[in-house]
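There are 2 protein chains.
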Amino acid sequence: MKLYTYFRSSAAYRVRIALNLKGLAYESVPVHLLRNGGEQLGEAYRAVNPSALVPALEDDGAVLTQSMAIIEYLDEMHPTMPLLPQDALGRARVRALSLTVACDTHPLGNLRVLKHLKGHMGLSEEAKMDWYRHWMNEGMAALEAQLARDGATGRFCHGDTPTMADCFLVPQVFNAQRFEIGLAPYPTIAAIHEHCAQLPAFRQAHPSQQPDAE
Amino acid sequence: MKLYTYFRSSAAYRVRIALNLKGLAYESVPVHLLRNGGEQLGEAYRAVNPSALVPALEDDGAVLTQSMAIIEYLDEMHPTMPLLPQDALGRARVRALSLTVACDTHPLGNLRVLKHLKGHMGLSEEAKMDWYRHWMNEGMAALEAQLARDGATGRFCHGDTPTMADCFLVPQVFNAQRFEIGLAPYPTIAAIHEHCAQLPAFRQAHPSQQPDAE
Numbered sequence: 041m042k043l044y045t046y047f048r049s050s051a052a053y054r055v056r057i058a059l060n061l062k063g064l065a066y067e068s069v070p071v072h073l074l075r076n077g078g079e080q081l082g083e084a085y086r087a088v089n090p091s092a093l094v095p096a097l098e099d100d101g102a103v104l105t106q107s108m109a110i111i112e113y114l115d116e117m118h119p120t121m122p123l124l125p126q127d128a129l130g131r132a133r134v135r136a137l138s139l140t141v142a143c144d145t146h147p148l149g150n151l152r153v154l155k156h157l158k159g160h161m162g163l164s165e166e167a168k169m170d171w172y173r174h175w176m177n178e179g180m181a182a183l184e185a186q187l188a189r190d191g192a193t194g195r196f197c198h199g200d201t202p203t204m205a206d207c208f209l210v211p212q213v214f215n216a217q218r219f220e221i222g223l224a225p226y227p228t229i230a231a232i233h234e235h236c237a238q239l240p241a242f243r244q245a246h247p248s249q250q251p252d253a254e
Numbered sequence: 041m042k043l044y045t046y047f048r049s050s051a052a053y054r055v056r057i058a059l060n061l062k063g064l065a066y067e068s069v070p071v072h073l074l075r076n077g078g079e080q081l082g083e084a085y086r087a088v089n090p091s092a093l094v095p096a097l098e099d100d101g102a103v104l105t106q107s108m109a110i111i112e113y114l115d116e117m118h119p120t121m122p123l124l125p126q127d128a129l130g131r132a133r134v135r136a137l138s139l140t141v142a143c144d145t146h147p148l149g150n151l152r153v154l155k156h157l158k159g160h161m162g163l164s165e166e167a168k169m170d171w172y173r174h175w176m177n178e179g180m181a182a183l184e185a186q187l188a189r190d191g192a193t194g195r196f197c198h199g200d201t202p203t204m205a206d207c208f209l210v211p212q213v214f215n216a217q218r219f220e221i222g223l224a225p226y227p228t229i230a231a232i233h234e235h236c237a238q239l240p241a242f243r244q245a246h247p248s249q250q251p252d253a254e
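Taken in sequence, the protein lines are chains R and S. Per this note's numbering, residue 41 is the first one in the first sequence, and the count goes up by one each step. Per this note's numbering, residue 41 is the first one in the second sequence, and the count goes up by one each step.
To be clear, the hints were calculated from the coordinates, so they are not data collected in a lab. Among the clues, some could well be false.
Same chains, same label: a pair holds when it works inside one copy or across any pair of copies.
Derived SDA-like pairs (lysine to any residue); straight-line CA-CA distance at most 20 Å [claimed, not checked]: (1) Lys155 / Ala181; (2) Lys62 / Met117; (3) Lys158 / Lys168; (4) Lys158 / Asp115; (5) Lys42 / Ala128; (6) Lys168 / Asp252; (7) Lys155 / Trp175; (8) Lys155 / Asn215; (9) Lys158 / Met169; (10) Lys168 / Phe219; (11) Lys155 / Arg218; (12) Lys42 / Leu129; (13) Lys62 / His235; (14) Lys62 / Leu129.
Isolated chain R (complex conformation):
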C-alpha cells in the first residue's frame, strides 16, 4: 500500500495510526502542502485525488480518499485489531465521535481555510488565530461533552482498546497543542490522549516521526 501523506496533515495522521494499529506496512509518498504553491494542487496529485486533499491510499491499483472512508475500508479488509465495536450502537457512537472531529472541528481550521482567511479575506494573523481557536475549542468542547457523559468511554474513546475515534482524537489534540490551545477544559480528551501516547502505533504515526518531517 502507498499512502499519499504530509507529516503535519491531521487527516493523514489518522490513517497512519490506523495502519499502525493493524500492523500494516505501507510506503509513504509525501505531498508537500506548502512547497511549490502546494503540491496537492498540482496536476500530478489531482490525477490521484481530484479533491486535492491528502491523504489518499493506493491499494492494489485502487485509490481511496477521505480518511474516514479509508479507515473503514482497512477495518473491513483487515479485521484483526478491529477499529469499530461489534455492536451497531457502539459502531454508531465511534463514528459519531470521529465525525465530531472530521466534520465539526477540523474543516474549519484546515490549511486551505486559514490561507483563505489571510490571503483572500485579508485577516490579520491575530484575527486568523482567533477564528482558529474559536472553532477548535467549540469542537473539543463538543467531543469532551460526548466522552465525559457516557459510561462507554474507558481508557480510550470507546472502552479500553483503541478504535477509529482515537485515530481522530489524537491528531486533533496535536493540532490544539501546536497552536497552544490548552487541554485543561478537556480532561477526558487529555486522559485518552495520554493513554494513546503510550502505544507505539500512535507514537510512530506522529508527525515528527515521518520521513518528510521538518
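Chain R is already provided as a structure; the job is to place chain S on it using the hints.
Positioned in the frame of chain R, the structure of chain S alone reads:
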C-alpha cells in the same frame, strides 16, 4: 423512532431521505435553529445532543448523532434497500463521496459559521456570501470531479440505485440553489439530482414538505 430535525438543516435532510428510502416511519421533533436564539443551544436539546447540532435520532431509548453515523446505523439495522454497496471498494467510494460533502463542503457554510462571520467578525452580507459561494463551489467542484471521472457513477452517485452518497448530494444541491449557486459547472451532480428528485423518498424529505416548514 424520533428524529430531532429542522426543515432546512441539510444534515437532518440527509437522514430524512435515508429513512424514507428504507420505508421507516418516524416522528419529527422540530428544533428551531433560529427561534429563541437557537433552540439547539438550549439545555433541553443539549441533554439530547451535547454538540448542539441537529439531527439526532432516538431509537429504542438510544440517542444517535451525526447524520453519517445515523445513516450507517439505519443501514446495518434495516438491511433491505441497502444504502452501501456490497463490495468494500464500492463502500469506500460511497463513503468518500458522502464525506466530500460532510467534511469538505457543508461545515464551511453551516449556519453557526455564517452567524460567526457576520456577528463576531463583523463581515458584510456581501463578504459573507462571497465566503459561502467560494466554499460551496470548491466542494461541488471536488464532488463533480470525483463523479465525472469514474465509470461507477450511474443514474445515481454509485450505479443505478440510490446510496448514502445521494442522501448527501441532494441536500447540498438544495443549499446551492437556495443561495443561487448555478449548477452549470456541475453537470453530473445536476443529472443525479434530477434522477433523485423523481423518487418520492427524496421528494417527501424536502424541506418544504416538513411539518416545521415556513
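For each hint, the structure was consulted:
1. When the C-alpha separation of Lys155 and Ala181 is checked against a cutoff of 20 Å, the pair qualifies only between copies, where the shortest distance is 19 Å, while the shortest distance within a copy is 25 Å.
2. In the homo-oligomer, the alpha carbons of Lys62 and Met117 lie at most 20 Å apart inside one protomer (11 Å), although the nearest pairing across protomers, at 27 Å, exceeds that limit.
3. Proximity of Lys158 to Lys168 under the C-alpha cut-off of 20 Å is found in both arrangements, the shortest distances being 7 Å within a copy and 15 Å between copies.
4. For a Cα distance limit of 20 Å, the shortest separation of Lys158 from Asp115 qualifies neither inside one copy, at 38 Å, nor across copies, at 42 Å.
5. Only between protomers do Lys42 and Ala128 lie at most 20 Å apart by alpha-carbon distance; the minimum there is 18 Å, versus 31 Å within a single protomer.
6. In this homomeric assembly, Lys168 and Asp252 never come within 20 Å of each other (Cα to Cα): the closest approach is 27 Å inside a single copy and 37 Å across copies.
7. Proximity of Lys155 and Trp175 under a CA criterion of 20 Å is satisfied in both settings, with 16 Å inside one chain copy and 13 Å between copies.
8. In this assembly of identical chains, the alpha carbons of Lys155 and Asn215 lie at most 20 Å apart only when taken from the same copy (16 Å versus 25 Å across copies).
9. In this assembly of identical chains, the alpha carbons of Lys158 and Met169 lie at most 20 Å apart whether taken from the same copy (10 Å) or from different copies (17 Å).
10. In this homomeric assembly, Lys168 and Phe219 come within 20 Å of each other (Cα to Cα) only inside a single copy, at 12 Å, whereas the closest approach across copies is 26 Å.
11. For a Cα distance limit of 20 Å, the shortest separation of Lys155 from Arg218 inside one copy, 17 Å, qualifies, whereas the shortest one across copies, 27 Å, does not.
12. In the homo-oligomer, the alpha carbons of Lys42 and Leu129 lie at most 20 Å apart only across protomers (16 Å), although the nearest pairing inside one protomer, at 32 Å, exceeds that limit.
13. Taking identical chains as interchangeable, the C-alpha atoms of Lys62 and His235 lie at most 20 Å apart only when both belong to the same chain, with a minimum of 18 Å there against 40 Å between chains.
14. Only between protomers do Lys62 and Leu129 lie at most 20 Å apart by alpha-carbon distance; the minimum there is 19 Å, versus 23 Å within a single protomer.
Hints 4, 6 from the earlier list are contradicted by this structure; the remaining hints agree with it.
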